[in-house]
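Trainee: As a plain string of letters, each chain reads:
Protein chains: 2
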Amino acid sequence: MQLLQTTDKDFSVKFKTLVSDRREVTVDVSGTVREILADVKVRGDAAVKDYTSRFDRNNLQSLHLSETFIAEHATQCPADVLAALEFAAERIVAFHEKQVPQDIGYTDAVGVKLGLNWIALSQVGIYVPGGRASYPSSLLMNALPAKIAGVERIVMTVPMPGGEINPVVLAAAQVAGVTEIYGIGGAQAIAALAYGTESIAPVDKIVGPGNAYVAEAKRQVFGTVGIDSIAGPSEILVVADSQNNPDWIAWDLLSQAEHDPSAQSILITDSEIFAQQVIKAVEKIIANLPTREVASASWQNYAAVILVSDLAESIPLLNQLAPEHVELCVDNPQLLADQIKCAGSVFLGRYTPEAIGDYLGGPNHILPTARSARFASGLSVYDFLKRITFLECNQESLQTIGKAAITLAEAEGLPAHAGSVSVRLQ
Amino acid sequence: MQLLQTTDKDFSVKFKTLVSDRREVTVDVSGTVREILADVKVRGDAAVKDYTSRFDRNNLQSLHLSETFIAEHATQCPADVLAALEFAAERIVAFHEKQVPQDIGYTDAVGVKLGLNWIALSQVGIYVPGGRASYPSSLLMNALPAKIAGVERIVMTVPMPGGEINPVVLAAAQVAGVTEIYGIGGAQAIAALAYGTESIAPVDKIVGPGNAYVAEAKRQVFGTVGIDSIAGPSEILVVADSQNNPDWIAWDLLSQAEHDPSAQSILITDSEIFAQQVIKAVEKIIANLPTREVASASWQNYAAVILVSDLAESIPLLNQLAPEHVELCVDNPQLLADQIKCAGSVFLGRYTPEAIGDYLGGPNHILPTARSARFASGLSVYDFLKRITFLECNQESLQTIGKAAITLAEAEGLPAHAGSVSVRLQ
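These protein sequence lines are chains A and B, in that order.
When the letters of the first sequence are read in order and numbered with the working numbering, they come out as residues 384 to 809.
When the letters of the second sequence are read in order and numbered with the working numbering, they come out as residues 384 to 809.
Only chain A is shown next, with the shape it has when bound in the complex:
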């Protein structure tokens, strides 16, 4: 954890380092991934089964999980967890339904008809990691926007190391309306989704987080299919005045730190006393936290506390950091919120811990990391729609607008472009 103060002489240098700091460890697995993709492309199911046996110690007869298998395992999800999943799904659906955009269609003054239609992708693959990072909440956040967009085929892959599967993930798949599930993971699952195999029809887009192999496989199949962005380690920036309970803020900072040793928690405050209270609270809480190993690594290596003279100073700092999550723990959070230009998702006031957004606030929890909030956005219904534009001239309107097109085509040295218009004007 480092403590910075905007009044320090070297603040701008230190802050620049904080902004440009790359926390992600990138291992070059591109060669291995290239081989797996090529093999699955050629050998299909046989290759996927070989890798699954090797990497997941799981000898699958069928890649596809049957209705019976899913139903049997999903019922092992505890009743209170299932109820919470359903409650979360309802709130996520309510927010995402408001994103469904309107088509555009009109005839302009010269009689040209113009239009833009939003059309759902036909088929989408959702990658769900196995083991510790197998979060049912992420499955809801990936699948529900696709369902609301109108995607008909929502295919999920989830590795089953040693044949084990998390019943809560299967319950979440049912709640989210996943239409097919395959018990596979890694680069071989991405290859199967992108190229198709005997038993898995290919999809048009693949979303969802995964390890380094999955991320690299998504990069390599991009173009053959669409992909979502590659997620980096989690980030939270909490802007807090001295009127907060230091314990509450400490818990918030730790809720990111416990995700990943490379996660980053930053506090910006205008009170040095409060900053020290929060730091003390973090240390106290962390000592008894079941996730303390991960949380300590993150806190020690990547956390920062920034002391400002006035909380208004936090805005330019925040916009440069472009963090995934922002909490505004102040009395009039809207005043600060209105000035935010770069962030994934913003949590306002003293009673909106970021974790609420992770599960059931309503907005998506799949958000831009590593400063990509400068140009990217959280997952949404828009990511499962595409746009087709339409144009219709008649003889008269072509006459009106055609000549200028001919002029431009000739200026660009494209005579067939010009000819295709002029031949219709005669």
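You may find that some hints are simply not true.
Same chains, same label: a pair holds when it works inside one copy or across any pair of copies.
Stated by the list, open to error - With a Cα cut of at most 30 Å, we get these calculated DSS-like pairs of lysine-lysine:
1. Lys496 x Lys724
2. Lys663 x Lys392
3. Lys786 x Lys667
4. Lys724 x Lys399
Hints were generated in silico from the structure; no laboratory data involved.
Please arrange chain B on chain A, whose structure you already have, making use of the hints.
Mentor: Frame of chain A, contents of chain B only:
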């Protein structure tokens, strides 16, 4: 040019080959590009100047083109071309302004406030190729949506081989509202835009077409900045009945063929006689076309004519091909248009040659190629906006929804997530 017929026994095999055919020649330039990027990152302007001297035979004193230089050269744009550019810009602006989306904001039944704001990217780089492919129309199509989105800093780079610059491109830059221009190109221009140099402040996103080096450079800087999609060779699919003038359709097919030897023109028709008439017309026109070298290569190697028994058969074929451009040259084009699920842009009726859309129809001409219309869309105002979501609970609403979040956090093994909520419920 190949002629297929849906009634042929081997049609499905041949059509599958047509669909999966990759026309793009990919040269591996990743090593060279990696070196250029690394060099510009370290040496800044000096490196950019060295590469510009070497590749463009242009010894720039200043990378930035001055107001005076731009004004002097832009006035050399012929008056009719400038008028056509302004007319085109007006139509493009009118269509794209309709895309500006509404923010979302509401308080739900339990008192939680939710919101989603669309916010313009701060700064965008537009790459404009030099030489033959330096299309002023593409500059309008890239810059105007950015301007409408509200991007404040629109930076353009354009190489000046031998010190030469196309005055029409500079005139288009003025019409489009570009705010800064640099006389550089290649991977070095992409590096300067992504990392910044002494004289060029970095941008948040880079759009615009370029050669293999530019495309690879964009791939490599993706993540540091956003990029648009990597464009492949142009495509047109014309669905036409026998009531069309074969000459008109021939010109339309050639308007794509003349773009690139790897461009693809496909005609689907229900009349063999008409098909033969179009083929004959193409051959006649091509003989006198100034762009015949490129157009012939494309026509010979990649064109296809598909005979169907009924034009309704064209729809499933079309949706599999997912072409960049579609023309529906029939009497009731809307009937077919309503069934299209995968295409970049659709041109309806006998009086809407695709070239109208290239210049001034209104919709964007930067469109998904190589079947990516299955999951991607043409360039739009949305590409220069990002979304930030907002969430605000108060003490009461957190009490209502908090418990389910705790249940899910515990199910996922994330105690600090649970703690950040439960500490506020006490």
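Trainee: None of the hints should be skipped; say for each whether it holds.
Mentor: Each hint tested on the structure:
1. Only between protomers do Lys496 and Lys724 lie at most 30 Å apart by alpha-carbon distance; the minimum there is 19 Å, versus 36 Å within a single protomer.
2. When the C-alpha separation of Lys663 and Lys392 is checked against a cutoff of 30 Å, the pair qualifies only within one copy, where the shortest distance is 26 Å, while the shortest distance between copies is 77 Å.
3. In the homo-oligomer, the alpha carbons of Lys786 and Lys667 lie at most 30 Å apart only across protomers (24 Å), although the nearest pairing inside one protomer, at 75 Å, exceeds that limit.
4. When the C-alpha separation of Lys724 and Lys399 is checked against a cutoff of 30 Å, the pair qualifies only within one copy, where the shortest distance is 18 Å, while the shortest distance between copies is 46 Å.
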